[in-house]
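**Student:** What follows is each chain in one-letter form.
Protein chains: 2
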Amino acid sequence: MTNQKSTQIFGYPSWIYKAFSSGDGKTYALRRVEGFRLRDPKDIMVVQRWKKVSNANMVTLYDAFTTTRFQDSSIIFVYAYHPLSKTLADEHFGPNPRYLPPRHPQGGPAVPEPVLWSYMVQIANALRTIHGSGLAARVIDSSKILLTSKMRIRLNCCGMMDVIHPDGQRIIQEHQQDDIVQFGRLILCIACNTLAAAHSPHKSMEYVAKYYSADVKNAIMYLMGVIQQPNIPPKSMDEFISKYAFSYMANNLDSALQYEDTLESELCRELENARLVRLLSKFGFINERPEFDHDRNWSESGDRYFIKLFRDYVFHSVDEHGMPVVDMAHVLSCLNKLDSGVDEKVMLVSRDEQNCFIVSYKEIKRAIDTAFMDLTKTQRR
Amino acid sequence: MTNQKSTQIFGYPSWIYKAFSSGDGKTYALRRVEGFRLRDPKDIMVVQRWKKVSNANMVTLYDAFTTTRFQDSSIIFVYAYHPLSKTLADEHFGPNPRYLPPRHPQGGPAVPEPVLWSYMVQIANALRTIHGSGLAARVIDSSKILLTSKMRIRLNCCGMMDVIHPDGQRIIQEHQQDDIVQFGRLILCIACNTLAAAHSPHKSMEYVAKYYSADVKNAIMYLMGVIQQPNIPPKSMDEFISKYAFSYMANNLDSALQYEDTLESELCRELENARLVRLLSKFGFINERPEFDHDRNWSESGDRYFIKLFRDYVFHSVDEHGMPVVDMAHVLSCLNKLDSGVDEKVMLVSRDEQNCFIVSYKEIKRAIDTAFMDLTKTQRR
Numbered sequence: 002m003t004n005q006k007s008t009q010i011f012g013y014p015s016w017i018y019k020a021f022s023s024g025d026g027k028t029y030a031l032r033r034v035e036g037f038r039l040r041d042p043k044d045i046m047v048v049q050r051w052k053k054v055s056n057a058n059m060v061t062l063y064d065a066f067t068t069t070r071f072q073d074s075s076i077i078f079v080y081a082y083h084p085l086s087k088t089l090a091d092e093h094f095g096p097n098p099r100y101l102p103p104r105h106p107q108g109g110p111a112v113p114e115p116v117l118w119s120y121m122v123q124i125a126n127a128l129r130t131i132h133g134s135g136l137a138a139r140v141i142d143s144s145k146i147l148l149t150s151k152m153r154i155r156l157n158c159c160g161m162m163d164v165i166h167p168d169g170q171r172i173i174q175e176h177q178q179d180d181i182v183q184f185g186r187l188i189l190c191i192a193c194n195t196l197a198a199a200h201s202p203h204k205s206m207e208y209v210a211k212y213y214s215a216d217v218k219n220a221i222m223y224l225m226g227v228i229q230q231p232n233i234p235p236k237s238m239d240e241f242i243s244k245y246a247f248s249y250m251a252n253n254l255d256s257a258l259q260y261e262d263t264l265e266s267e268l269c270r271e272l273e274n275a276r277l278v279r280l281l282s283k284f285g286f287i288n289e290r291p292e293f294d295h296d297r298n299w300s301e302s303g304d305r306y307f308i309k310l311f312r313d314y315v316f317h318s319v320d321e322h323g324m325p326v327v328d329m330a331h332v333l334s335c336l337n338k339l340d341s342g343v344d345e346k347v348m349l350v351s352r353d354e355q356n357c358f359i360v361s362y363k364e365i366k367r368a369i370d371t372a373f374m375d376l377t378k379t380q381r382r
Numbered sequence: 002m003t004n005q006k007s008t009q010i011f012g013y014p015s016w017i018y019k020a021f022s023s024g025d026g027k028t029y030a031l032r033r034v035e036g037f038r039l040r041d042p043k044d045i046m047v048v049q050r051w052k053k054v055s056n057a058n059m060v061t062l063y064d065a066f067t068t069t070r071f072q073d074s075s076i077i078f079v080y081a082y083h084p085l086s087k088t089l090a091d092e093h094f095g096p097n098p099r100y101l102p103p104r105h106p107q108g109g110p111a112v113p114e115p116v117l118w119s120y121m122v123q124i125a126n127a128l129r130t131i132h133g134s135g136l137a138a139r140v141i142d143s144s145k146i147l148l149t150s151k152m153r154i155r156l157n158c159c160g161m162m163d164v165i166h167p168d169g170q171r172i173i174q175e176h177q178q179d180d181i182v183q184f185g186r187l188i189l190c191i192a193c194n195t196l197a198a199a200h201s202p203h204k205s206m207e208y209v210a211k212y213y214s215a216d217v218k219n220a221i222m223y224l225m226g227v228i229q230q231p232n233i234p235p236k237s238m239d240e241f242i243s244k245y246a247f248s249y250m251a252n253n254l255d256s257a258l259q260y261e262d263t264l265e266s267e268l269c270r271e272l273e274n275a276r277l278v279r280l281l282s283k284f285g286f287i288n289e290r291p292e293f294d295h296d297r298n299w300s301e302s303g304d305r306y307f308i309k310l311f312r313d314y315v316f317h318s319v320d321e322h323g324m325p326v327v328d329m330a331h332v333l334s335c336l337n338k339l340d341s342g343v344d345e346k347v348m349l350v351s352r353d354e355q356n357c358f359i360v361s362y363k364e365i366k367r368a369i370d371t372a373f374m375d376l377t378k379t380q381r382r
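So the sequences go chain by chain: A and B. Letter 230 of the first sequence, counting from 1, is numbered 231 in the numbering used here, and no numbers are missing. Letter 313 of the second sequence, counting from 1, is numbered 314 in the numbering used here, and no numbers are missing.
Keep in mind the hints are simulated off the structure, nothing from the lab. Certain hints may be false.
A pair holds if it fits inside one copy or across any two, identical chains being indistinguishable in the list.
Simulated crosslink set (DSS-like; lysine-lysine; CA at most 27 angstroms straight-line) [unchecked claim]:
#	residue 1	residue 2
1	K244	K338
2	K283	K87
3	K19	K52
4	K43	K366
5	K346	K43
6	K338	K27
7	K19	K87
8	K19	K338
9	K151	K366
10	K244	K43
11	K218	K151
12	K366	K309
13	K309	K363
14	K53	K43
15	K363	K218
16	K27	K244
17	K43	K87
18	K244	K218
19	K366	K52
20	K218	K378
21	K378	K309
22	K338	K366
23	K244	K19
Quantities reported herein were computed from a predicted structural model and do not represent experimental measurements.
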């Protein structure tokens with residue numbers, strides 16, 4: 002993460018640092034607000050409430066504390082660290098935006114409709130949890146929303162405004178309604194592919210009506226409050242989802258579950274590798290130990306001799322012309338059989354080709370375990 | 002998978018087999034319907050449409066063909082194979098059900114409400130896709146719904162009824178409405194924790210009203226058509242979700258995304274292992290090759306000598322008493338540095354302790370790559 006300084010949103014210079022906790026060894030993102038002093042120590046208490054809010058579409062806030070370590074009075078907010086993330090502002094409004102307007106005026110919108118719906122469903126998901134916890138995000142800005150892997154977005158900096166600008170005058174419901182309007186503005190700007198869209202909402206809505214489905218138009222109008230009338234109940238994310246977003250949410254749920262399947266099957270395959278690393282390391286520890294070079298008990302007899310010959314069988318086979326065979330499939334198949342200790346037998350030939358042994362993978366596995374145990378035993382003594 | 006034979010649902014004996022495809026090497030679940038003859042070859046064409054339907058909450062149908070390989074006329078349906086799965090019938094109504102009625106009458110329902118909602122959201126997700134493709138599941142039965150990892154359920158046997166009982170008399174909408182009623186009955190039985198619940202729906206609904214929220218009651222009533230009146234439009238999964246299930250669907254989406262995060266971070270950690278297996282195998286291929294035992298060019302000079310000494314450094318270090326050090330952390334740290342080819346230097350000492358070399362991980366990495374390339378080159382010749 003590069004250090005970034007900005008005063009736009011919080012009214013103070015703020016910095017981001019990547020930090021390793023000496024407590025749990027994990028990585029965190031620290032956001033430092035420079036030159037800030039707590040007016041009332043109670044203001045920081047709200048962080049205790051935020052710590053309990055967990056949602057897949059927000060960056061978790063873990064802690065906040067004031068410090069003078071930077072030779073000033075600063076407050077530090079400790080957030081979850083998401084490597085390789087960029088902001089929605091970078092993605093859509095940065096110097097190298099992801100979506101460029103089509104070359105032909107009839108070419109459709111710059112940003113595809115499924116992208117808009119994916120953002121809407123995810124932000125609605127985050128706000129639903131936040132509002133449901135009796136809190137408000139208070140910052141829904143493209144520069145404060147992280148984009149991580151595969152279209153996942155996360156509201157960032159939640160809780161900071163509550164500490165820096167406690168604003169005890171307004172009740173939480175007002176902040177929540179503000180969140181929803183900000184949400185609408187953000188989607189309008191992304192749909193029109195320019196941050197200026199929020200300044201001329203009528204013209205921008207015309208663009209939306211022309212290039213997107215009526216669902217998108219109605220959703221943005223609901224969020225921005227265009228269709229809100231006096232004496233109607235406040236807007237809510239549940240109403241938004243049930244009226245406008247439910248079918249897109251169902252699509253998102255299905256893709257999330259299908260992606261889960263892919264990840265699970267990849268993980269299964271990779272867990273095999275962890276076993277193989279342990280097994281290959283045992284070979285490494287056991288074979289050719291210099292200190293046992295002349296100890297025939299260790300390496301040239303019985304069990305350990307089999308291990309050595311098996312190593313040759315796995316890695317050092319040659320073809321009919323005596324040329325090395327480099328075959329990872331053979332290696333993996335041998336190691337997997339060894340790891341499961343199957344009853345299948347294998348013929349091991351000594352290097353001078355004078356001796357030949359028939360042993361099962363099961364026996365070799367036992368031999369390796371014994372040899373490895375001997376090694377660790379000597380260590381413990 | 003154990004072979005199972007049942008005639009209840011399909012009216013024919015049916016069997017399940019686990020099979021490996023000789024085409025793509027993958028595992029499939031074959032469902033064989035015994036003694037079935039196609040009346041009209043066109044009946045099997047519907048499978049082409051099912052093949053295109055993909056949803057995280059159904060078992061994908063890949064193919065169907067008739068065969069006489071079993072010394073009878075059988076039809077085989079080829080489905081995705083989901084290892085370690087059981088059926089909802091096993092889970093809820095089997096000899097060892099997961100949920101037992103509480104011991105005290107005031108103890109609440111046997112099956113917790115979140116379980117019911119998770120099933121409803123998932124079945125709605127599957128039916129939404131199936132009905133959206135102009136098809137109907139036609140079997141929504143606890144014995145034909147698979148339960149795989151972590152509460153995931155999948156409608157099974159989709160498409161079979163369309164082939165076995167084509168039933169051209171009824172239009173697809175009727176089958177879809179039937180799906181929805183079957184769906185409601187299934188949830189009613191699970192809620193009441195007995196398959197008998199569907200036989201006395203009024204009494205069962207009283208139980209539901211007593212032990213579950215009004216949301217559950219209304220959802221089941223909608224599905225079972227109790228609140229359906231003449232001249233109203235047919236029920237649909239979209240209506241069901243937007244009226245009853247949207248907030249539970251949002252919860253499911255959030256859990257799915259959070260689980261995705263867990264899987265991704267585990268996968269990142271495990272992917273390291275694949276690299277290490279390759280690296281350790283290269284050591285295996287290069288070191289102590291018997292055919293080069295007496296070829297000083299191969300093993301005892303320059304590059305390859307470093308590789309051997311490095312192997313000793315990684316695996317064969319000893320403590321101050323000359324006892325073996327078995328330290329996986331040391332192994333992993335060395336291998337990771339080697340794999341990234343860092344500039345850090347390491348001191349390698351020959352076995353007779355007469356020589357000492359200072360080389361960087363970068364140089365050793367280059368040496369290993371060269372040696373390994375030489376090996377594969379000889380193979381290609």
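**Student:** I'd like to know which numbered hints this structure contradicts. Please list them from smallest to largest.
**Tutor:** 1, 2, 4, 5, 9, 10, 15, 16, 17, 19, 20 and 23
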